[in-house]
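Peer 1: These protein sequence lines map, in sequence, to chains A and B. Throughout the first sequence, residue numbering follows the working numbering, covering 12 to 165 in sequence. Throughout the second sequence, residue numbering follows the working numbering, covering 6 to 514 in sequence.
Worth flagging that the hints you see were computed from the coordinates, not collected in a lab. No experiment lies behind these values; they were computed from the predicted model shown. The beta-carbon is built from N, C-alpha and C at its ideal position, and this holds for glycine as well. Do not take every clue at face value.
As the list claims (entries may be wrong) - Rough simulated footprint, nothing fancy, chain A against chain B, three-plus residues with beta-carbon under 8 Å:
#1 120–134
#2 137–145
Claimed, not checked - Below, computed lysine-lysine pairings styled on BS3-like, alpha-carbon distance capped at 25 Å:
#3 K131(A) - K225(B)
#4 K253(B) - K225(B)
#5 K287(B) - K84(B)
#6 K104(B) - K294(B)
#7 K135(A) - K225(B)
#8 K84(B) - K225(B)
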Amino acid sequence: MTDLPRNQHIIASGLIAAIGVSIAYISFTQEPADAFIFPRLISSVFAVLAIWTFVKAILGRTKVGNGISGEAMRNMLPGLVVAIIYVYWAAKALGFYTATAIAFFALLSLYDPAPHSEMKSWVKRILITAGFMAVMYGLFALLLNVFTPREIFF
Amino acid sequence: MEFLYYMGDVFTPINFGLLLLGTIGGLILGATPGLSPTMAVALLIPFTFQLEPQQGLILLGAAYTSTVAGGAVSAILLKIPGAPANIATTLDGHAMATKGEGAKALQLSFISSAVGGVFGVLLLIFLTPVLAQWALAFGPSHLFWLAILGVTVIGTLDSSSVVKGLLSGCIGLWLATIGFDDIMGAQRFIFHPAVSGGINVIPALIGLFAIPQVITMFTKGRSSDDAEIISVQKHPIRLAFVEVFKRKMALTIGTVTGSIIGLIPGVGGQIAGLVAYDQSKKFSKESEKFGTGHSEGVIAAESANNAMVGPSLVPLLTLSIPGSPTAAVLLGGLLIHGIFPGPDLFMNYPQVAWTFIDSMLIGQILMCIFGLYIAGFAANVARVPHAVMAAIVLGLAVFGSYSVQNSMGDVYVMATLGLAMYFLERFGFSAAPLVLGLILGPIAEANFIQGSMIANATVGTGTYFFTGWLNWFLILIVLASISYSIWMEIMSRRYTTKDDAVAKEEALS
Chain A
12 MTDLPRNQHI IASGLIAAIG VSIAYISFTQ EPADAFIFPR LISSVFAVLA
62 IWTFVKAILG RTKVGNGISG EAMRNMLPGL VVAIIYVYWA AKALGFYTAT
112 AIAFFALLSL YDPAPHSEMK SWVKRILITA GFMAVMYGLF ALLLNVFTPR
162 EIFF
Chain B
6 MEFLYYMGDV FTPINFGLLL LGTIGGLILG ATPGLSPTMA VALLIPFTFQ
56 LEPQQGLILL GAAYTSTVAG GAVSAILLKI PGAPANIATT LDGHAMATKG
106 EGAKALQLSF ISSAVGGVFG VLLLIFLTPV LAQWALAFGP SHLFWLAILG
156 VTVIGTLDSS SVVKGLLSGC IGLWLATIGF DDIMGAQRFI FHPAVSGGIN
206 VIPALIGLFA IPQVITMFTK GRSSDDAEII SVQKHPIRLA FVEVFKRKMA
256 LTIGTVTGSI IGLIPGVGGQ IAGLVAYDQS KKFSKESEKF GTGHSEGVIA
306 AESANNAMVG PSLVPLLTLS IPGSPTAAVL LGGLLIHGIF PGPDLFMNYP
356 QVAWTFIDSM LIGQILMCIF GLYIAGFAAN VARVPHAVMA AIVLGLAVFG
406 SYSVQNSMGD VYVMATLGLA MYFLERFGFS AAPLVLGLIL GPIAEANFIQ
456 GSMIANATVG TGTYFFTGWL NWFLILIVLA SISYSIWMEI MSRRYTTKDD
506 AVAKEEALS
């Protein structure tokens with residue numbers, strides 16, 4: 012195991028151990044105690060296993076999980092940013108259909124292997140986005156009658 | 006023979022139409038790399054809200070069956086398994102296609118899938134009522150141990166690390182406790198208004214299965230697979246039938262192995278296909294031909310991965326314990342219609358249960374017929390760029406989660422769990438035990454509390470939960486599955502795990 016995954020494993024398992032211990036602490040300190048009997052049971056096992064995993068990671072004895080390579084991180088980052096803005100802000104603020112169309116087009120532009128210099132590939136991306144939005148509108152607005160947030164746009 | 010009584014219900018225009026839609030759609034989705042059967046079924050759930058329960062289940066069941074079989078198309082023609090269950094098919098299927106026997110490989114794959122699938126569903130039909138009858142004797146302590154068993158077995162067998170598998174199960178069990186306590190009405194772990202009513206299972210399932218796939222597609226960047234579809238030449242279907250039934254050993258090994266593996270919670274289709282392939286090779290008189298485009302390899306792998314579909318639903322329909330992630334998703338599909346599976350299912354909702362099971366039987370035959378005709382089209386769909394697929398799945402996940410309760414909170418839960426699951430998977434954690442924990446958590450807690458109340462009024466908690474042959478039997482299986490996995494891990498994990506399967510998949514593509 013190289014240093015990078017080892018450090019990543021330590022950070023990841025450390026976070027999980029922190030969550031496990033916090034949950035155990037909350038379970039054993041919150042009232043009414045009767046409501047927390049089952050959480051106490053689970054969180055005890057959770058905390059023990061999480062600490063075990065953390066100790067194994069510190070000792071460099073983690074056997075499974077490849078971590079995330081620098082290249083994978085670089086590739087995923089733009090898409091992740093678009094997806095996070097779309098889900099946590101744009102869908103509610105701009106309206107579902109507007110936000111989805113923008114996010115869909117942005118993701119296609121970021122990851123579609125077709126060259127960015129060709130007009131044809133941009134036309135294709137616009138057509139795919141329009142087609143997808145038409146299908147989504149047909150399925151959710153017309154067929155399932157789901158009233159999605161429209162907000163400032165649509 | 007109650008299943009015959011409800012067979013006619015499958016053929017009503019709406020039910021049969023949905024069966025066709027699910028089968029054809031599932032074959033196309035299954036051929037698409039990155040769209041696993043579980044994810045396909047999870048994304049379909051929102052579309053069943055406005056359907057009758059049996060209609061929704063018919064659609065989901067047909068999609069489940071045919072996505073498993075559809076994965077063979079891209080495995081054979083593109084050398085990219087459509088789903089992990091089709092990894093073993095790639096080994097000989099693609100070699101056959103490169104030798105100009107693509108049509109034959111596809112025919113063998115769909116025919117053997119149908120044979121294995123029919124056998125698996127028949128097992129489901131005959132085992133389910135027997136187990137359901139037996140399950141009526143279960144009390145709260147047994148149901149508590151059964152729920153724990155569901156999480157531990159899947160946690161230990163599905164993951165390559167026992168500790169991480171069990172830890173995933175614990176995370177799922179904890180997530181299930183978020184919200185208001187049913188008995189005292191107390192708030193538990195409500196750290197955001199989005200989870201004040203607890204975590205809704207459907208958005209959670211969509212997030213846990215769809216979002217990690219979307220991010221995985223992002224990690225591939227702007228690269229394309231550049232997979233070339235191998236053109237197929239005509240092959241008489243009659244000869245394919247003759248070939249399948251001539252290779253009785255491979256067909257039997259595949260069907261039996263798949264059925265047995267399907268009954269074991271947590272051991273998925275990818276394991277069924279690989280184990281059947283290995284065993285078939287071991288017992289074959291032409292073992293040296295395996296890997297070079299030998300028909301037995303395709304027959305064993307495909308009959309196995311479809312034979313496991315029916316038996317994997319037995320624990321769900323009889324004990325309300327989903328034996329696989331896809332069964333957990335189907336449970337979600339039942340719960341949204343207010344139907345809780347278990348021993349009472351066949352008494353309270355016989356029409357729903359039997360029509361669903363019958364539709365899976367008919368679906369196997371439809372899948373075989375349509376699979377042969379739409380293979381070429383499905384292979385073209387499989388070439389859809391990652392970018393398009395990721396954007397489509399993300400859009401469907403957002404709209405699907407929102408439509409469950411018309412709540413943005415569900416969308417946030419879906420995205421947050423999905424994002425967390427991607428990173429957890431990269432560090433060796435698995436989604437299956439987490440999902441099982443999330444679904445079985447309320448069952449375990451309700452029965453634990455109910456059992457504790459009975460115990461306090463009678464024999465005491467220790468005696469109530471730890472005595473009686475059924476309690477002992479269930480505890481023994483929990484301990485055995487954990488011990489077996491630890492032992493195997495110590496012995497350098499000399500068994501086929503999900504990681505092995507993923508490694509093979511990565512090597513192939």
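Peer 1: If a hint holds in the structure, say so; if it does not, say that too.
Peer 2: Consistency of the hints with the structure:
A stretch counts as covered by a chain when three or more of its residues have a beta carbon under 8 Å from one of that chain; for the region 120–134 of chain B and chain A the count is 0, and the coverage is violated. Residues of the region 137–145 of chain B lying with their CB closer than 8 Å to a CB of chain A number 0, which falls below the three-residue condition for coverage. Of the pairs offered as hints, the one joining K131(A) and K225(B) holds, with about 23 Å between alpha carbons and a cut-off of 25 Å not exceeded. Restraint check for K253(B) and K225(B): not satisfied, since their Cα atoms lie roughly 41 Å apart, outside the 25 Å limit.
Restraint check for K287(B) and K84(B): satisfied, since their Cα atoms lie roughly 24 Å apart, inside the 25 Å limit. Of the pairs offered as hints, the one joining K104(B) and K294(B) holds, with about 14 Å between alpha carbons and a cut-off of 25 Å not exceeded. Annotation: proposed proximity of K135(A) to K225(B) holds, straight-line Cα distance about 21 Å (limit 25 Å). Of the supplied pair hints, the one linking K84(B) and K225(B) holds, its CA atoms being roughly 18 Å apart against a limit of 25 Å.
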